[in-house]
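*Asks:* So you can see what is in the structure, the chains are spelled out below.
There are 2 protein chains.
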Amino acid sequence: MSLVVIGTLAYDSVETAHDRRENALGGSAMYFAVAAAPYISPLLVGAVGDDWRDEDTELLAKRGVDLAGLEKVAGGKTFRWGGRYEPDWNTRHTTFTELNVLETFDPKLPANYRDAKFVFLANAHPAVQMQGLSQVEAPIFSVADTMNLWIDIARTDLEALMQKIDGLILNDEEARMLTGEDNLIRAAQKVLTMGPKFVILKKGEHGAFIMGEGLHFSLPAYPVTEVIDPTGAGDSFAGGFMGYCAKAGNHSPETLKKAMLHGTVAASYCVQGFSVEDIGQRTMADYDSRYNDLMQIVSL
Amino acid sequence: MSLVVIGTLAYDSVETAHDRRENALGGSAMYFAVAAAPYISPLLVGAVGDDWRDEDTELLAKRGVDLAGLEKVAGGKTFRWGGRYEPDWNTRHTTFTELNVLETFDPKLPANYRDAKFVFLANAHPAVQMQGLSQVEAPIFSVADTMNLWIDIARTDLEALMQKIDGLILNDEEARMLTGEDNLIRAAQKVLTMGPKFVILKKGEHGAFIMGEGLHFSLPAYPVTEVIDPTGAGDSFAGGFMGYCAKAGNHSPETLKKAMLHGTVAASYCVQGFSVEDIGQRTMADYDSRYNDLMQIVSL
Chain A
1 MSLVVIGTLA YDSVETAHDR RENALGGSAM YFAVAAAPYI SPLLVGAVGD
51 DWRDEDTELL AKRGVDLAGL EKVAGGKTFR WGGRYEPDWN TRHTTFTELN
101 VLETFDPKLP ANYRDAKFVF LANAHPAVQM QGLSQVEAPI FSVADTMNLW
151 IDIARTDLEA LMQKIDGLIL NDEEARMLTG EDNLIRAAQK VLTMGPKFVI
201 LKKGEHGAFI MGEGLHFSLP AYPVTEVIDP TGAGDSFAGG FMGYCAKAGN
251 HSPETLKKAM LHGTVAASYC VQGFSVEDIG QRTMADYDSR YNDLMQIVSL
Chain B
301 MSLVVIGTLA YDSVETAHDR RENALGGSAM YFAVAAAPYI SPLLVGAVGD
351 DWRDEDTELL AKRGVDLAGL EKVAGGKTFR WGGRYEPDWN TRHTTFTELN
401 VLETFDPKLP ANYRDAKFVF LANAHPAVQM QGLSQVEAPI FSVADTMNLW
451 IDIARTDLEA LMQKIDGLIL NDEEARMLTG EDNLIRAAQK VLTMGPKFVI
501 LKKGEHGAFI MGEGLHFSLP AYPVTEVIDP TGAGDSFAGG FMGYCAKAGN
551 HSPETLKKAM LHGTVAASYC VQGFSVEDIG QRTMADYDSR YNDLMQIVSL
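Chains A and B are the protein sequences, given in the same order.
For what it's worth, the numbering used here labels the leading residue of the first sequence as 1, then goes sequentially.
For what it's worth, the numbering used here labels the leading residue of the second sequence as 301, then goes sequentially.
Isolated chain A, as found in the complex (with noise of 0.2 angstroms):
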C-alpha cells in the first residue's frame, strides 16, 4: 500500500572526530525515503531551493522516490542544517540552522499522494505536520517524528497532532522532556495517555522499544563495529519502519515487532556513512541479509 512522507530536505555540513562533510544531502523526508525505497516506492512531500542539485534529484528518482510532492520554490535556497559530534557520539553540537524555504513550507500534496494509506510526519513543525496530514484521505496508519524544540516552542500544535496520529517516534531525550518523566517506561506509558495508539522509543546505539494496545517490544540495536555518521539515524529507522509496514500492508503486532527489525537494519546502514553514502546503495537483498544476522542476535 502507498506511503507519503512529509518532512525536509536538506544541505548538511557535519563534523565527526574523523572526517566531515560540507553541503551534503540530508533531511528528515529525505533520509526515511532513501531507507524505506527497497520495501516501497515512497512518495515524498518536500520544499527546496534554486540551489538544489540535479543530481540529488537523480539520486532520488532512482532509487525509486516519487518526486512529485517535490516542490522547487524560486528564488528560494534549500534548508542547511550544520553540526558536530563528539568523539563519545553521544553529544551532538548544532553549529548552524538556515531555515530558507522551510520558514514558509506549506506541504501541498498531488491529488495521487492523497489516498496514501500509510503516512509518516517526519521532523518539521507540528503545525505542518497536521497540515500535511490533513490531505490523506483515509490513511490506516499514520507515524509522527517530533523534535526537542517543537516539545519547547510549539507544545499545543504537537498536543493537538498527538490526537490525530496513530503513533509517535520518539528518542529518550524527547520523551523525557515531553512527560517529564525520567524512566522511559513511565515516559512511554504517558505518551500514550496523550492520543497516539502506539509509541516506539529509540534509545540510539542502545536499540529502541515499541509500546501500545498490548503490544511492548523491545530491541537492541544493531552491532555496528564502525560508526562513521550518526546523522539521519532515526529518520532511517523510521523508513525502515513505515517501509516494511506498508509493504506488508497492515500494522498488526507480528507486522510491527518485525518493522522494529527493519527499522533497526536500516539505521545500521545510515550509520556506517556520512549522508546516504552507505544507505543509499543497500538493495533489499543488504537488508534481508543484515535482518537475518540481527534475527539471529535476538532469537532464543
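Check the hints yourself; a few may be wrong.
[Unchecked claim] Below, computed lysine to any residue pairings styled on SDA-like, alpha-carbon distance capped at 20 angstroms:
1. Lys362/B / Ser302/B
2. Lys558/B / Met295/A
3. Lys247/A / Leu600/B
[To be verified] Residues from chain B that keep clear of chain A, each with C-beta distances beyond 10 angstroms, as calculated:
4. Ser341
5. Arg353
6. Trp381
7. Thr397
8. Leu519
9. Ile597
[Claimed, not checked] Heads up, incomplete: computed chain A residues facing chain B, CB under 10 angstroms, no partners named:
10. His206
11. Leu219
12. Thr225
13. Ile228
Please keep in mind that the hints were generated in silico from the structure rather than gathered at the bench.
Note that CB positions come from ideal geometry on N, CA and C, so glycine has one too.
Use these hints to put chain B onto chain A, whose structure you have.
*Replies:* Frame of chain A, contents of chain B only:
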C-alpha cells in the same frame, strides 16, 4: 550440578537521591548467592569479621545458601563500602572503602566444595580469584567478574586469570578500559582474543549481550519502572545467569541464551530495593513470572 561462588561479603552504606541505608548487607558473593539461590543452593566462600550479624547468617541460610565456606575472622572487621548515586543513576561515587578482613582474604574451599562443576569468581583481586579457582578440581564452566580497579592495578594477574576461565563478565566501562576499544562489539571481540571463550557485556539499564564460540545474543534490560538502588545488580545478574546454568547442568548456546534472561530477571528484582530487601524475598515463582514477561517483550 553444584555451584560455588568466591567473593566478598560487606556492610554497605548507600545513599540515593531518595533514601539511604547504613551498614546494609552487601558484597559481590552475597548478592550473587541470594540471586542464584532459587535455582540451586550456592556454595559460598568469603570472609567476614567479628561484627558480622547473626541475622545475616540466618537470612542467607534461610535463603538456601551453603555457608560452610564462610570464614569468620577472629578480631577482624567485615569489609565496608559506601556509595552515593546521582539522581540519574548513571554516576556512582564511592564515599569510602574499608577493606578490613579483605586485606588478608585467602579463600579456602571446604572439601565438599572442590568438586563443584560451576564456578563464579565474584569481583575480588584477580590473584584471589585465581587462588579460589585453583581449588576447584574439574570445573566445567567457570566465569569471573572484575572491576576497573583490578584492570588498572592488577592487570597481569587479571590476564593470567583470563587464560584459566571460560567466561568473563564486564560492564561497558570495564570493557572499554580493558581493551582500549570504545565500540563495545569490538571490545567484546578483543576480550575473546585474551583467553575467555565467552564474554558477557552488561550495559546497565540498556541490557546485556553475550559473545563467543559462534554465539552472539543481545537482550534489553527488564523494564523496571522504579529503581530503588542499583547496588548489586551486576552480581545479581551473574547469580541468575550462573544459577540457571548450574541447574540446567550445561552451558550449551541454548542454555546460555536463556541464562541471559534469567540474569536479567534477577538484576531487575535486585534494583527494586536496597540491599537484598526485594530480591531476598523472591521465589522461583516470582522469577518464572518475570521471565515469562521478559520473553513476551523480546519474542517476535
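*Asks:* Beyond 10 angstroms from every chain A Cβ: check whether that's true for Thr397/B.
*Replies:* The claim stands: Thr397/B keeps its Cβ more than 10 angstroms from every Cβ of chain A (closest is about 28 angstroms).
*Asks:* Less than 10 angstroms between beta-carbons is the criterion; does Thr225/A satisfy it with respect to chain B?
*Replies:* OK, holds: Thr225/A within 10 angstroms of chain B, min 5 angstroms.
*Asks:* For Trp381/B, is the shortest beta carbon distance to chain A beyond 10 angstroms?
*Replies:* Non-interface label stands for Trp381/B: nearest chain A Cβ at 26 angstroms, farther than 10 angstroms.
*Asks:* Compare the distance between the alpha carbons of Lys362/B and Ser302/B with 20 angstroms, and conclude whether the hinted pair is satisfied.
*Replies:* Distance ~18 angstroms between Lys362/B and Ser302/B Cα, so the pair holds.
*Asks:* Was Leu519/B rightly flagged as not at the interface, with every chain A Cβ beyond 10 angstroms?
*Replies:* Violated: least Cβ distance 7 angstroms, not greater than 10 angstroms.
*Asks:* Would you assess whether Ser341/B, listed as outside the interface, keeps its beta-carbon beyond 10 angstroms of every beta-carbon in chain A?
*Replies:* 27 angstroms, holds
*Asks:* Between the alpha carbons of Lys558/B and Met295/A, is the straight-line distance 20 angstroms or under?
*Replies:* 16 angstroms, holds
*Asks:* When you look at the beta carbon of Arg353/B, is every beta carbon of chain A farther off than 10 angstroms?
*Replies:* 34 angstroms, holds
*Asks:* Does the closest beta carbon of chain B sit nearer than 10 angstroms to the beta carbon of Ile228/A?
*Replies:* 12 angstroms, violated
*Asks:* Under 10 angstroms is the threshold here; is the Cβ of His206/A close enough to any Cβ of chain B for the hint to stand?
*Replies:* With a minimum Cβ separation of about 4 angstroms from chain B (threshold 10 angstroms), the hint on His206/A holds.
*Asks:* Just to be careful, I want the Cα atoms of Lys247/A and Leu600/B compared with a cutoff of 20 angstroms; is the pair within it?
*Replies:* The hint holds at about 18 angstroms.
*Asks:* Taking the closest Cβ pair, is Leu219/A under 10 angstroms from chain B?
*Replies:* 7 angstroms, holds
Hints 8, 9, 13 from the list above are not met by this structure, while the remaining hints are.
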